[in-house]
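Engineer: Sequence:
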Amino acid sequence: MPRYYFDVREGARFTPDEDGLEFDSLDKAEHEAACAAAEIGRDRLPKGDSREVTVEVRNEHQQRVLTVKVLLEIDRVEPPPQPPRSG
Numbered sequence: 000m001p002r003y004y005f006d007v008r009e010g011a012r013f014t015p016d017e018d019g020l021e022f023d024s025l026d027k028a029e030h031e032a033a034c035a036a037a038e039i040g041r042d043r044l045p046k047g048d049s050r051e052v053t054v055e056v057r058n059e060h061q062q063r064v065l066t067v068k069v070l071l072e073i074d075r076v077e078p079p080p081q082p083p084r085s086g
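If you count by numbering that gives the first Met the number 0, then the sequence shown holds residues 0 to 86, one letter each, in order.
No lab work stands behind these hints: they were computed from the structure. One or more of the hints may lead you astray.
[Said to hold, decoys possible] DMTMM-like, lysine to aspartate or glutamate: derived pairs with alpha carbons at most 25 angstroms apart:
#, residue 1, residue 2
1, Lys27, Glu77
2, Lys68, Asp26
3, Lys68, Glu29
4, Lys27, Glu38
5, Lys27, Asp6
6, Lys68, Asp18
7, Lys27, Glu51
8, Lys27, Asp74
9, Lys68, Glu21
10, Lys27, Glu55
From just these sequences and the hints, can you work out the full model?
Structural biologist: Here it is in structure tokens:
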């Protein structure tokens, strides 16, 4: 089975995958990359307005075969709306 490597970028932070995982198709590796990017984004909610997580997938020949980007953005309404007055 082919081995795929999942390098993660979060802003200026880069974490290379030295071990990789085996999948029987690029489609399955793509699904894994998408799930990983979404999970990283969810687990590390933005400390500011947004967070972008990028997972770059390399094949066993160290060639990039796909990139998955997830953007999580939070936009708060300021000032917060007031509840309606009962009357």
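Engineer: Checking each numbered hint in turn, tell me which of them this model violates, lowest number first.
Structural biologist: 1, 8
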